[in-house]
Each structure stands twice: as structure tokens, then as C-alpha cells.
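Dock chain B against chain A, hints included.
2 protein chains.
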Amino acid sequence: MEISAQVISIGNEIMLGHIANTNAQFVSNKLASIGIKTSKHLDIPDNPEAIISSIRKALSESEIVITSGGLGPTVDDITLECIQKALNKKLIFNKKISERIKAHFKRRKIKMPANNLRQALLPEGSMPINNNIGTAPGLIIPLTTILSPISKKWERARVRVLLAFPGVPFELYPMLENTAIPYLKKHFQTDKIIKSRVIKITGLAESRVNEIIEDILKIGGNVQMGIYPHPEEIHVKITVTEKNEIAADLIINKIQKKIESRLKNYIFGYDNDKLEEIVGKCLLRAKKTLAVAESCTGGLLANRITDVPNSSKYFKLGLVTYSNEAKNKLLAVPMGLIKKYGSVSKQVAALMAKNVRDLASTDYGIGISGIAGPGGATNKKPTGFVYIALSTKAKTICKEFRFIGTRNLIKYKSTQAALNLIRKTLL
Amino acid sequence: MEISAQVISIGNEIMLGHIANTNAQFVSNKLASIGIKTSKHLDIPDNPEAIISSIRKALSESEIVITSGGLGPTVDDITLECIQKALNKKLIFNKKISERIKAHFKRRKIKMPANNLRQALLPEGSMPINNNIGTAPGLIIPLTTILSPISKKWERARVRVLLAFPGVPFELYPMLENTAIPYLKKHFQTDKIIKSRVIKITGLAESRVNEIIEDILKIGGNVQMGIYPHPEEIHVKITVTEKNEIAADLIINKIQKKIESRLKNYIFGYDNDKLEEIVGKCLLRAKKTLAVAESCTGGLLANRITDVPNSSKYFKLGLVTYSNEAKNKLLAVPMGLIKKYGSVSKQVAALMAKNVRDLASTDYGIGISGIAGPGGATNKKPTGFVYIALSTKAKTICKEFRFIGTRNLIKYKSTQAALNLIRKTLL
Chain A
21 MEISAQVISI GNEIMLGHIA NTNAQFVSNK LASIGIKTSK HLDIPDNPEA IISSIRKALS
81 ESEIVITSGG LGPTVDDITL ECIQKALNKK LIFNKKISER IKAHFKRRKI KMPANNLRQA
141 LLPEGSMPIN NNIGTAPGLI IPLTTILSPI SKKWERARVR VLLAFPGVPF ELYPMLENTA
201 IPYLKKHFQT DKIIKSRVIK ITGLAESRVN EIIEDILKIG GNVQMGIYPH PEEIHVKITV
261 TEKNEIAADL IINKIQKKIE SRLKNYIFGY DNDKLEEIVG KCLLRAKKTL AVAESCTGGL
321 LANRITDVPN SSKYFKLGLV TYSNEAKNKL LAVPMGLIKK YGSVSKQVAA LMAKNVRDLA
381 STDYGIGISG IAGPGGATNK KPTGFVYIAL STKAKTICKE FRFIGTRNLI KYKSTQAALN
441 LIRKTLL
Chain B
21 MEISAQVISI GNEIMLGHIA NTNAQFVSNK LASIGIKTSK HLDIPDNPEA IISSIRKALS
81 ESEIVITSGG LGPTVDDITL ECIQKALNKK LIFNKKISER IKAHFKRRKI KMPANNLRQA
141 LLPEGSMPIN NNIGTAPGLI IPLTTILSPI SKKWERARVR VLLAFPGVPF ELYPMLENTA
201 IPYLKKHFQT DKIIKSRVIK ITGLAESRVN EIIEDILKIG GNVQMGIYPH PEEIHVKITV
261 TEKNEIAADL IINKIQKKIE SRLKNYIFGY DNDKLEEIVG KCLLRAKKTL AVAESCTGGL
321 LANRITDVPN SSKYFKLGLV TYSNEAKNKL LAVPMGLIKK YGSVSKQVAA LMAKNVRDLA
381 STDYGIGISG IAGPGGATNK KPTGFVYIAL STKAKTICKE FRFIGTRNLI KYKSTQAALN
441 LIRKTLL
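For the record, the sequence lines run as chains A and B. Position 281 (the first sequence) corresponds to 301 in this note's numbering; numbering is contiguous. Position 320 (the second sequence) corresponds to 340 in this note's numbering; numbering is contiguous.
Pulled out of the complex, with its shape left as it was, chain A reads as follows (with noise of 0.2 Å):
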């Protein structure tokens, strides 16, 4: 049977453009990982009689209807009532749920408003779904008659389900994953599934990786191909669609093996690895420790080691060592050698990568220094010009590099740069 999904998304701010909706990709990316198709996006305002509308519009097209958006406790948040009269429905009071508001307050030791206990009136027959972050419980609804457009009366329907979320992004995600997929899963078997894989690159690129994969991304038929660039970082995407998973794995796994063969070591990942992952991954097998000291990353290339769970057992010690003063303070780079060559230079960097190894007393230290702009720039090191150094016990060795874009861009794509000489020196 083949399941169809639709995706309501609910809230002015969308309508005015001041947010994209990210809510609607995310949901559709996670229904097509278990087979499941969305016929449609519809955005649509805060407006109760455009709420009601399409949500029973949608659900008299597909079997699945995903509303997200409006579940606050604030008098803009409309949907609940809303879902409750497009169902006809009454809104139960729910013990649990206004118990579970409570203590999130109370854990917080905040005074919980009297207005969220308006999240615990559910309609019924609702399952609710756990929300660990915010307050508004999400809503799995199983419904056995729907209204009819044509009849305009309640008619028995097949499969049918309203599932509703919170509209903040990182509530959602972690409900939908955790909560929503699983029960979709098992009450939504499909004969067709379509399954993606992600093979992630760095170091090219995209024009290269295009010219080098050219005749793969042509293949067609049930595969359909893509190419995503990233700052320093090149995504192919391989899509099957298929009956199984067997069937599906088997097709991506000789075009994986067709682009490995031809991109080798630039591919450092897939699906949802990410570069600071994979180091961590790296340095944990290879039982090594990390220190890095950075000037115009400023932080990044740290925070992004330490997004990563237990970081702490490999990654020692960062220095943000934005001032001369602090660069010869703590990493002992003599001010004599940053007046001659400049705190921009390969000398600075690969002391300053040499040095916090020695502080740390770790296998690898990172020095950055470079030009984030958009001040600073000179003819000689214009706003891109990154110098990154990486040492060891035997030597260290320093790249030059000269990154394009705005300040928050380069310094991320230095981080991914230095980020990619600590595994490739892993390998």
C-alpha cells in the first residue's frame, strides 16, 4: 500500500517570511527514511478557519496528517482548539501531562503561570508524546472517521492519524525521532521504501567532485542522485527507491563503492557523521590526546571538538589566544617573532601548535592564526589568508590557506581545514 503524508505548518511568522521552515523538511526527511511519501507542505497563518480547513482537507487526502506549530501556552497558540474542533472532538483534561508541566517548573524552580495548564487539555482519544525540553506535549491522534468533502458528513475512514507538534524546531525533532517514526513505523507498513545514503567529502572541491563523479550522477532510473555543497565540506547523496531494504542497500552500496574508489580519503563520513565526530573517533582509537591553540577561529574549532560527547577523554586544553600579549604570555611565541614575521604568519602558527602540546603535554597540538575580517586585512594577507599548524612529537607541519566568504564562514571552514589535517595525519 502506499502512504501518503502531508505536513501542515502553522504560524504568521512563517507566512511573513520571517522564518523558513525547516520543520517541514525534517519531517518529510524522516517519513521518507520508513517508506513514507509527502504529497504536500502547506504553510499556512494562525487563522483558526484556515487551521480547521486544512486540516481536514488533508486528511481527506492522506493517510497521514502532520501539523506543527501553535501548541504553546501563549494566546496566539491556537491549534490545539483548533485540531479539536476539525476532529469534533472534546478536550479532556489530562492528569500526567499537567503533572509532567509541573514538574518542568518546578525542577526549574520557576513559578509555573496559570496558563500552561491550557497544554494538558487534550482531545480525546489522544496519545500524548513526552516533550523534554519544552512544556507542549506533542499529539498522536488515530482517527476512524473523517469528514467527508463531498457528503460534507463524518464518514467511517481507513487509516487515518493527526500527529501534531510543538513548532520550536529542537522540541520537535527529538518527539518526531524518538516518539512519532516508531509508532508511523509499525502502523504504516509501505511496499515501497526509499532509502538515502550520504557520502560526506572534504578537501574538493564541488566542480571537482562533480568531474571526477560525473557519469554516476547520471545513473537514473530508480536512483536518483544529488550533489550538496557545504563551507569546506561536499555532500553526494544517493536516493533508492524500492521494495525493500535489502533491494534498496544493495543498489547503494555499489554506487558507494563506485564514488569510494574514485574519492578515496577526501571522503571522511556519512549520513549524519560530522568531520569533529569522526577526529574524536580517530583520536579515541589511536589512544591520542589533543590541545589547540587558536587566534582568529576564536573558539570554534574547541566548541566544535567539545559538541561531542565525552570529548574530554582526548581533548585536553584550548586557548583562545586572541591578544599578542596572551600569545606570548601563555604560549611563550617570543614578541620579537611576531614583530618579524607578523602574528599572521607560519612561524607564529606552528609555534603556537608546538607550544600548547607542550602545556597540555598531548600527542597533538593545533595552532590557527589568520584573518577573519572583515578588519585586519592587508594586500600581502587578505581577509581569508589561515595559517594552521599541526605538531607532533616528530614534527610540525603548516598549511597556508586562503578561505573565501564572510567572518563567521571562514572561520568555520578554517576549523574544518584543521579538523581535516588532524585525520588525514591519523590515517
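Which stretches of chain B does chain A cover? Using the computed rule of at least three CB atoms under 8 Å from a CB of chain A, they are:
1) 36-43
2) 47-54
3) 231-238
4) 246-255
5) 316-322
6) 328-341
7) 418-431
To be clear, the hints were calculated from the coordinates, so they are not data collected in a lab. The beta-carbon is built from N, C-alpha and C at its ideal position, and this holds for glycine as well.
Okay, now just chain B, sitting in the frame of chain A:
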């Protein structure tokens, strides 16, 4: 006259969740700037029936319908044919467009694939919009008749227009801004403009903000109020529809003053202000300097501070003392103190703040120590338990926080609280 618009985005890659629909946001934002409200965003796959019926339905509901996607030269680009069918118009070969397409390839010294000439076949009555980046032209198609969804007949329409754009964002953006928006401004004179202001708050929960300004949020009329939660930050948005900017500003400023009188110093900024920028401005104004010592935030605080151009003027040093040895060696935190109170303690955070200030000879020092999770939590100190200390020459204060969320969220929320601590001290 109130004008409404709908945006239809066409593409399988949107329905599979491979890309977020940023075009719809961009279009709605630009429309709002000339007083045109978007009543719907609709995303649909590359499916002829869905495209044709969606275009017809949208034209029966709204004066302006904008499509994006499906104008490229490949076989899955079917929007032109669908528009032609939806509007019952012939396709006519446009010589000028065909010359432009040929010139595009000549300029890039690439042989033109024959398929590209399909892009010169336009529905009759179309005005092409030049595309200076790719080959697909955009279209403006003014309409005098539409297919009535009730009578199923072609009926005379009031002002109606269909605009079609390629789906590539960096092609769509300039075409929309330079050609379509001036066209719409001229032909759809709204006697109304829409203006917004965002008031940014930190240090209060969303529900508490809601309670304090509940009556203001309910103003209604031509004022639309919204309240949007972000991690340790609340945005209150005032959107006004008025006859001109001056009238809108009058109302916005009045509401803003009312909110300011209630939320006072919890407000840190407006519109595009970022907390780290505001803190930077405060430090510059007060001619004070800053150093930070981070443990659980792992460099994120230094990174956010250095995201601000010219932050080197006040930010001197960041330490990421992830290990106890680093806390001891670099910040002279006695091992005995760490053993007695734990590395996550008031005592350690306070000493980190004081000693990093001494080390960098700055006016302010920040010390952060906490449990970002998922590891390291205990019953007494659960995940999200964070101490943040601020040290000045006069004294050192330390605050205890209990944040909720993932590792990344706890890191981010901790930096929000740390930046706010500096801001409040400087007020």
C-alpha cells in the same frame, strides 16, 4: 484593497526533505515589504496533475500566485507545460529568449544541449524575466480569465497574475527583487504596508513574558503580536499593517514603549541584534576588557564573543580548561579545592573567573563549570547543572543554573546566561 498571494514550490527534492524551502520565505518576506500578505505556501512534487490543479486552485483564491522550480532544461522540469495547461494557453517560441540562452553558452564556451531551447517556449501573453545567472527565464503572466472551481468554466477575473521562477535560490532572488517586486508594486497598489519590530528578551521564561504582557499580545486590529521562544531568549514581534511607514512606526513605537516599561532590563536588543554584539558594544562603551575560562561550554562562549567584528578590542583571552590538570596548571585552581568541592562547584567556577582575569589583566573574568551531559551527571548535579561566575576587581559573584536540553543546547544556554551576566553588570 487587500491583496493576497500564494507561493507554490515545485520539486521532489523538497518533498523528500533533501532541501529546506527557503524560496517561499524569501518571496513572502519581499511581498510583505510592499504590503502583500501571503496566505499560503504549498510545496508539491514534480507531478503534472498536482501542479495544474494547485495553480488553478491558488488562482481562484488569491490575486497573485508565484511558482518556483521546474523551469530547467531537463526532462523532469515540467512547470512550463503545466502552466500552459492550467491557464489554457498556447506555448509560443520566443526568439529573444532563445538568443539569450545561446549567448549564455557561448559566453561560458560550452556547447548548448538541444534541450535548453525548450526554455524559450513561453505561454502566450508571458513577459519574460531575465535570468543573469542561469538559462531559465522567469515569467510574469497577467490574466483576465480563470477557471472557476464552482462552475468549472473560464470566467472573467479581477486582477490576477501568475509569476514563475526557477527553483535555484540564487537565480530566483535577483529576478524577484529586480523585476517582479517592482512590477507587483506598480500593478497591485495596496494602500497598506506591513512593518515589523522584534524585541529581544533574555533571563525570563516564555510563559512569564506572556503573563507580563498578556494584554498587549491581545491588541488585535491591524496589529499582529507574536511571541517566539529561542534558547534562553524570547522574541516579541510587533507587526503592523498601515497606510504608510510613518503611521506604522507610530503604532509600533507606542507598543514598544509599553513593553519596555514592563520588561525593562530583560530586554537586551531589537530586530537583528545578537546578545554577543550587545555585550561587545557595552564593553567598548565602558572601555572594559574581558577574558573567559570555560569548562562545559568548551569554547562556545569565546567563539560567540569573537563572532563579532573588532572583538579583539575587548576580548583578550579564552581558556578551555577541559581537564582538571589544565584548571590547575593554567588557572592555579588547587587540586585540593577540586577534590573537596568537585570541578563543577561554585568555588571552582569563581576561582576560574578570578584567575583568568588576573592572567589576562582584564577588567572582567568569566568562569563556567557545569555538566553538559550526557555523561558526568550525578543525583546532586544532574545534566544541565551549571555554575557561572563573573569576577571584577571589586568582587566575584557566582550563579547556579539548571538548564534543560541536549548537550549542544546546554552549552548554548550557558553562554546566553554568561553573556547576560556581563550585560547586566555593565548596565
